[in-house]
Amino acid sequence: MTDNAKVVEILHAMKEAISENAQFLTDLDAPIGDNDHGINMDRGFKKVEADLPGIAAKDIGAILKKVGMDLVSTVGGSSGPLYGTAFMKAGAKTAGKMEIGMDDFLVMMDEAIGGVQMRGKAVQGEKTMLDAMIPARDAMRAAAAEGKDTRAVLDAGVAAAEAGVEYTKGIIATKGRASYLGERSIGHQDPGATSFTVLLKAIAAAY
Amino acid sequence: MVGFVLVSHSKKLAEGAAELGTMMAPDVPVAAAGGMADGGLGTDYEKIMDAVTKIREQAPEGVLVIPDMGSSCMTAEMVIEDFGDPDVVLIDCPFVEGAVASIVEASGGASLQECRTAAEEARQAEKL
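Chain order of the listed sequences is A and B. In this text, residue positions in the first sequence follow this note's numbering: the first is 1, and each later residue adds one. In this text, residue positions in the second sequence follow this note's numbering: the first is 1, and each later residue adds one.
The hints are simulated quantities; they were obtained by calculation from the structure and are not laboratory data. Please note that the accuracy of each hint is not assured.
As the list claims (entries may be wrong) - Label-pair ranges, simulated between beta-carbon atoms:
id: 1; chain 1: A; residue 1: K46; chain 2: B; residue 2: K12; range: 41 to 51 Å
id: 2; chain 1: A; residue 1: A95; chain 2: B; residue 2: E81; range: 13 to 23 Å
id: 3; chain 1: B; residue 1: G84; chain 2: A; residue 2: D51; range: 23 to 33 Å
id: 4; chain 1: A; residue 1: A57; chain 2: B; residue 2: E81; range: 24 to 34 Å
What the hints assert, rightly or not - Pairs of lysine-lysine residues, derived as DSSO-like cross-links and limited to a Cα-Cα distance of at most 27 Å, are as follows:
id: 5; chain 1: A; residue 1: K169; chain 2: A; residue 2: K148
id: 6; chain 1: A; residue 1: K58; chain 2: A; residue 2: K121
id: 7; chain 1: B; residue 1: K127; chain 2: A; residue 2: K66
id: 8; chain 1: A; residue 1: K201; chain 2: A; residue 2: K175
id: 9; chain 1: A; residue 1: K175; chain 2: B; residue 2: K11
id: 10; chain 1: A; residue 1: K6; chain 2: A; residue 2: K175
id: 11; chain 1: B; residue 1: K54; chain 2: B; residue 2: K11
id: 12; chain 1: A; residue 1: K148; chain 2: A; residue 2: K175
id: 13; chain 1: A; residue 1: K97; chain 2: A; residue 2: K175
id: 14; chain 1: B; residue 1: K127; chain 2: B; residue 2: K54
id: 15; chain 1: B; residue 1: K127; chain 2: B; residue 2: K12
id: 16; chain 1: A; residue 1: K58; chain 2: A; residue 2: K47
id: 17; chain 1: B; residue 1: K127; chain 2: A; residue 2: K121
id: 18; chain 1: A; residue 1: K121; chain 2: A; residue 2: K148
id: 19; chain 1: A; residue 1: K175; chain 2: B; residue 2: K54
id: 20; chain 1: A; residue 1: K47; chain 2: B; residue 2: K127
id: 21; chain 1: B; residue 1: K127; chain 2: A; residue 2: K46
id: 22; chain 1: A; residue 1: K46; chain 2: A; residue 2: K58
Unchecked claim - Here are a few chain B residues that sit away from chain A, every Cβ distance over 10 Å (derived from the structure):
id: 23; residue: P29
id: 24; residue: T43
id: 25; residue: G70
id: 26; residue: E77
id: 27; residue: G108
The structure displayed is predicted, hence computed values, not measured ones. Ideal Cβ placement from N, Cα and C applies to all residues, glycine included.
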């Protein structure tokens with residue numbers, strides 16, 4: 001099981017991973033977006049980190065809800081409402097919990113995906129973060145159903161997310177700023193799918 | 001009277017659209033909620049929430065929130081959900097033409113629904 005203190009530690013690791021990859025994410029966004037994804041995500045997670053000490057003793061749902069609100073308030077681009085909704089939906093399902101297990105994490109992923117789909121009105125295959133999130137969730141659920149331990153489940157999720165990022169290189173963007181480029185978006189990996197993979201890798205490494 | 005909040009990534013675009021709209025209808029409550037707190041490109045939840053709160057106080061008939069694209073739509077949608085007032089609505093219309101058409105409509109004392117229709121019908125208006 002993962003307690004609230006561990007969740008805070010993982011959130012800190014997620015912030016560090018976004019900071020380390022901020023330039024990379026922004027560079028990915030330059031040819032097919034508005035050249036700010038890493039800058040925006042870094043601004044959002046800096047605010048999250050600044051607020052973590054004040055919420056560290058709360059239940060996991062309250063922590064995740066605050067993370068979501070911070071991202072909505074500070075990111076500035078589409079990733080703000082999208083990741084913000086994802087964290088708030090995950091937080092709603094963990095309200096009052098002081099520790100969570102893999103079953104909870106899979107439900108949180110379901111909620112996060114549902115939140116992103118609702119907010120972005122997107123489906124899989126449109127060259128968005130969903131193209132990493134959905135395969136990662138599916139791979140983790142399959143690995144968990146096979147009885148694998150948490151380490152192996154998270155590794156399966158990271159591998160599927162990375163494959164999802166590769167998949168976004170070959171498809172046309174039909175959502176978001178990149179959709180204005182049409183076929184010219186082919187060949188570029190999606191920054192949102194990439195940032196999700198960065199976050200999931202940070203979760204797996206910090207677990 | 002109906003009031004308006006114009007939401008854009010760009011501070012200049014939101015202010016420019018508000019300027020065009022109120023040029024013909026100076027009495028209509030209109031707020032521009034464009035850009036980030038530091039003036040940079042982006043959408044700012046707090047700025048939109050503050051604008052909606054301020055305009056709602058001046059507009060007993062309700063408020064139309066007009067976003068330009070992408071995160072403007074999503075962030076404005078979250079503000080409206082959290083504001084929780086059925087007479088504050090997000091509408092889908094051409095940003096400049098829809099804003100001007102519906103602000104002018106509001107200046108004549110039109111209802112929230114009439115202003116909304118004017119904004120949405122701007123999509124069909126031929127310019128040339």
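Least C-beta distance between G108 (chain B) and chain A, which was stated to exceed 10 Å: With a cut-off of 10 Å, G108 (chain B) remains clear of chain A, as the shortest Cβ separation is near 34 Å.
Next pair to validate is K97 (chain A) with K175 (chain A); report whether the Cα-Cα distance is within 27 Å. violated, 35 Å
Does the alpha-carbon distance linking K58 (chain A) and K47 (chain A) stay inside the 27 Å limit? Holds: K58 (chain A) and K47 (chain A) sit about 18 Å apart, inside 27 Å.
Is the straight-line distance between the alpha-carbon of K127 (chain B) and that of K54 (chain B) 27 Å or less? violated, 33 Å
Would the hint linking K169 (chain A) and K148 (chain A) be met if the CA-CA limit is 27 Å? Given that 27 Å is the threshold and the Cα spacing comes to 30 Å, the pair is violated.
So if I understand the rule, the pair passes when the alpha-carbon distance is 27 Å or less; does K201 (chain A) with K175 (chain A) pass? holds, 25 Å
Please verify that the nearest CB of chain A lies beyond 10 Å from P29 (chain B)'s CB. Answer for P29 (chain B): holds, closest chain A Cβ roughly 25 Å.
Proposed proximity, K66 (chain A) with K127 (chain B) (alpha carbon, max 27 Å): At roughly 46 Å apart (the allowed maximum being 27 Å), K66 (chain A) and K127 (chain B) break the hint.
Just to be careful, I want the Cα atoms of K47 (chain A) and K127 (chain B) compared with a cutoff of 27 Å; is the pair within it? violated, 45 Å
When you take the CB atoms of A95 (chain A) and E81 (chain B), is the distance between them in 13 to 23 Å? Taking Cβ atoms as reference, A95 (chain A) and E81 (chain B) lie about 18 Å apart, which means the hint holds.
Checking one constraint from the list: CA of K121 (chain A) to CA of K148 (chain A), max 27 Å. Satisfied? The given pair, whose Cα atoms are some 33 Å apart, is violated under the 27 Å limit.
If you draw a straight line from the CA of K46 (chain A) to the CA of K58 (chain A), is it 27 Å or shorter? holds, 19 Å
Of the numbered hints given earlier, the model fails hints 1, 5, 6, 7, 10, 12, 13, 14, 17, 18, 19, 20, 21, 24, 25 and 26; all others are met.
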